[in-house]
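Modelling step: build the complete structure from the supplied sequences, incorporating the hints.
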Amino acid sequence: MFHQRAATPDPDAADLLAAYRPGASFFASPNGTLLGDGVVTAVDDLDDALAVLGETTTDGGAPPVAIGAIPFDDAAPARVVVPEVLRRAPALASGRTSGRGQRPLPGPWSARPLPDPADHIAGVEQILKLLADADAGDGGEPGGGLRKVVLARSLRLTGPGPVDVPQLLRNLAWRDPSGFTFALDLPAAGPAARTLVGASPELLVAKSGAAVTANPLAGSAQRSADPTKDQQRAVALLASDKDRYEHAVVVDAVADGLRPFCRSLRVPPEPELVRTATMWHLSTRISGELRDPATPSARLVRALHPTPAVCGTPTADARAAIAATEPFDRGFYTGAVGHTDARGDGEWVVTIRCADIAGDTLDLFAGGGIVTGSDPEAELAETSAKLRTLLLALGINQPF
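The C-terminal position of the sequence shown is numbered 400 in the UniProt record's numbering, with every residue numbered one higher than the one before it.
In case anyone wonders, no lab produced these hints; they're calculated from the structure. No false leads were slipped in.
Pair ranges (Cβ atoms, derived):
1) Arg5 with Glu272: 34 to 44 Å
2) Ala132 with Arg112: 26 to 36 Å
3) Ala132 with Val85: 52 to 62 Å
4) Ile121 with Thr8: 50 to 60 Å
5) Val85 with Ile121: 41 to 51 Å
6) Glu272 with Glu55: 37 to 47 Å
7) Pro11 with Ala122: 46 to 56 Å
8) Gly161 with Ala132: 39 to 49 Å
9) Ala122 with Pro399: 17 to 27 Å
Quick caveat, the model's predicted, so the values are computed rather than measured. Built from N, CA and C at the ideal position, the CB exists for glycine as well.
Listed below in C-alpha cells is the structure:
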C-alpha cells in the first residue's frame with residue numbers, strides 16, 4: 001500500500017506557483033491548481049495509474065491523485081507519478097496577484113533550428129505532394145486516404161547556465177493565467193535533470209463523474225499588438241475556408257472518438273474564436289454524458305490521442321508521413337499531460353507550447369496542420385508565431 005498526504009488547501013494559486021521547484025509536479029487549469037511534492041511511486045504506462053491509485057490511501061479519505069504525461073509515440077514510456085504530498089488551490093485566474101513576479105531569464109541564448117527553416121518549407125511541400133497524390137487517387141505514400149498531416153519543427157536554445165525552470169513556469173502562468181500551465185519531472189536522458197514545462201491552450205479531455213468535455217483547437221493566426229489588425233486577423237481566421245476545413249477534421253475525429261463512450265454528445269455546428277497571449281485559434285467545445293460514469297479519463301485519453309490537431313488523419317498514414325519528414329523525435333511534445341484521481345476523474349491537455357529542459361538547454365517545438373491549399377511560407381510563419389509563447393516567456397523577442 002502507498003499513502004499520499006493531502007496538505008491544507010491554499011487560498012491562492014500564486015502560493016503553489018511560488019512553491020514549485022524542479023522535481024515537483026505542477027498543473028494549473030481553469031478548474032484549479034495542483035502541486036505534487038515528492039514521489040510515492042511512478043509508472044511508465046498511463047493504464048497502470050488507476051491500479052496504483054487503488055492501492056494508495058490518503059489523509060481524510062479523499063481520492064488519491066496521479067499527475068503525469070504521455071509521449072506522442074504510443075509505444076514510448078509515459079511518466080506518471082503519485083506525489084507524496086498533494087497541495088490544491090483555486091484557478092490561477094481567480095487569484096489577486098496576476099502578473100506578479102514576471103522577469104526574463106538571463107541570456108545570451110544560442111539557437112539551433114531543426115530542421116532549418118528552408119528545409120521545413122521543403123517538408124511542407126513534400127506533404128502537399130502526398131496530399132495531392134491522395135486527392136488524385138494515386139495511392140501516394142504513405143497512404144491513399146491522407147487528408148491532413150501536422151508537421152512540426154524544433155528549436156534548441158542553449159543559455160549561459162542552468163535554466164531557471166521555476167521562473168519560466170511563473171512567466172508562462174502569468175502571461176496566460178486562464179489556460180493550462182504545467183511542469184513535470186521527466187526521466188533524465190543524460191547527467192542533467194529533465195523537466196517538461198508548458199502552457200497549453202488545448203483541452204484534450206476532462207471527465208468528472210458522467211460529464212465529459214473536450215475542446216479541440218485547429219486553425220490558427222498570430223496575434224497583433226495593433227488592436228485593429230488583431231481583430232482583422234481574428235475575423236479572417238473565422239472566415240478562412242482552409243482553416244475551417246482543418247478544424248472540422250479535428251472536431252469530427254474527437255467526436256467520433258468520444259461517441260462510443262457517451263449516452264449523449266453535443267457538438268456545436270460552428271467553431272468559436274479563442275485567444276492566448278500570442279495566437280488566435282478556432283475552437284469547438286464538445287460536451288457529453290458517459291454511458292458508464294466509471295469510465296476512467298485515462299481510457300478516454302487513449303481513445304483520442306493523438307487527435308488530427310497534432311498528428312493528422314488517417315492517424316497511421318499521418319504518423320508515417322511525420323516519421324519520414326521530421327528530423328527529430330517529438331518525445332513528450334504533442335502527447336498529453338494532466339491528472340487523474342482514483343475514481344478516474346481528471347483533466348488532460350494536449351502537450352503543445354512546451355519546452356523539454358535539461359541543464360542549460362531547452363528544446364522548443366511548434367507545428368502546423370498541412371491540408372490541401374496550405375501555403376509553405378505561411379506554415380513556417382505559423383510555427384514561428386507558436387514558438388513565441390516560450391520565447392517571450394524566456395525574454396526573447398525575435399523570430400526563429
